[in-house]
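*Asks:* Those protein sequence lines, which keep their order, are chains L and Z.
Per UniProt numbering, residue 1 is the first one in the first sequence, and the count goes up by one each step.
Per UniProt numbering, residue 1 is the first one in the second sequence, and the count goes up by one each step.
Errors might be hidden in some of the hints.
Claimed, not checked - Cut-off 30 Å, straight-line C-alpha distance, at most; resulting in silico cross-link-like pairs (DSBU-like, lysine-lysine): (1) L:K10 to Z:K128; (2) L:K10 to Z:K198; (3) Z:K128 to L:K9; (4) L:K22 to L:K9; (5) L:K10 to L:K71; (6) L:K9 to Z:K192.
None of these hints come from the bench; they were simulated from the model.
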Amino acid sequence: MSDIADRVKKIVVEHLGVEEDKVTESASFIDDLGADSLDTVELVMAFEEEFGIEIPDDAAETIQTFGDAVKFISEAA
Amino acid sequence: MFDLTGKTALVTGASGGIGGAVAKALHGAGATVGLSGTREAPLQELAAELGERAHVLPCNLSDAEAVEALPKQAVEAMGGLDILVNNAGITRDSLFMRMSDEDWQSVLDVNLTSTFRLCRGVMRPMMKARWGRIVNITSVVATAGNPGQGNYCAAKAGVTGMSKALAQEVASRGITVNCVAPGFIATAMTDKLNDEQKARISAGIPAGRMGAPEEIAAAVLFLASGEAAYVTGATLHVNGGMDMV
């Protein structure tokens with residue numbers, strides 16, 4: 001697993017308080033990991049800080065799963 | 001009680017009567033305060049009077065870019081932003097039939113839209129800190145109405161509704177959003193009302209007197225405190241009984 005994926009997973013695990021093995025490629029933050037809409041905003045904020053990038057609101061809306069997040073950040077960072 | 005030591009507070013309209021009293025009250029409870037307003041000289045005077053833990057952050061609230069930048073400036077100056085008091089406001093009174101689009105819009109822009117923008121701007125630091133206090137200063141006229149102030153009443157009622165929506169969104173993050181609705185308070189703004197308006201309002205105050213800015217500041221201090229953690233989406237009416245809602 002890439003370094004980016006590891007760092008993203010760490011943030012997700014810490015923020016949502018879920019088991020690491022639940023955070024799979026296709027795991028949806030809201031449907032599978034118990035996030036509410038405010039959690040997803042906070043996750044995006046945490047990603048922005050961790051990777052020093054800006055994630056615009058329209059892009060943030062497309063980040064639904066762990067895999068989406070890793071893909072977006074890999075392309076942006 | 002109401003110890004704000006270590007907390008940082010941004011107060012808009014701090015050059016005015018109520019804003020200045022609010023800044024003094026929060027500062028007196030130990031908070032570091034950011035004094036914002038359009039006119040820099042009175043802010044500097046107030047900062048000098050307060051001494052340590054006071055920062056001057058001038059901002060024209062009708063300038064969208066300046067409003068967006070203000071929370072960041074406050075965080076830079078104070079090292080955080082725990083408490084936001086949206087106190088700044090303007091009036092452009094006229095009879096409804098004669099009210100220009102410009103008078104309507106400028107009051108909505110400064111009193112409602114800038115409050116929205118500042119609330120949005122402070123969310124990030126408050127969400128991260130899992131602690132935040134927003135106190136929006138509305139007015140008795142938000143619920144009671146007042147002839148000649150259609151724009152101002154609309155803006156203040158708008159702030160009340162907006163505060164309740166935001167309060168529901170962020171309650172789980174330790175952030176409270178409340179309003180303080182002053183009645184007839186002796187300040188430069190109420191001096192602009194004509195004698196007829198003043199007489200009519202005074203006759204309707206059970207307390208039989210105008211309020212003092214310090215009496216508004218005391219309500220703000222309570223809502224900004226740790227003790228008020230379970231109060232959110234509320235409006236504290238401080239009006240001598242003139243409108244009991």
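*Asks:* Please list, smallest to largest, the hint numbers that this structure does not respect.
*Replies:* 2 and 6
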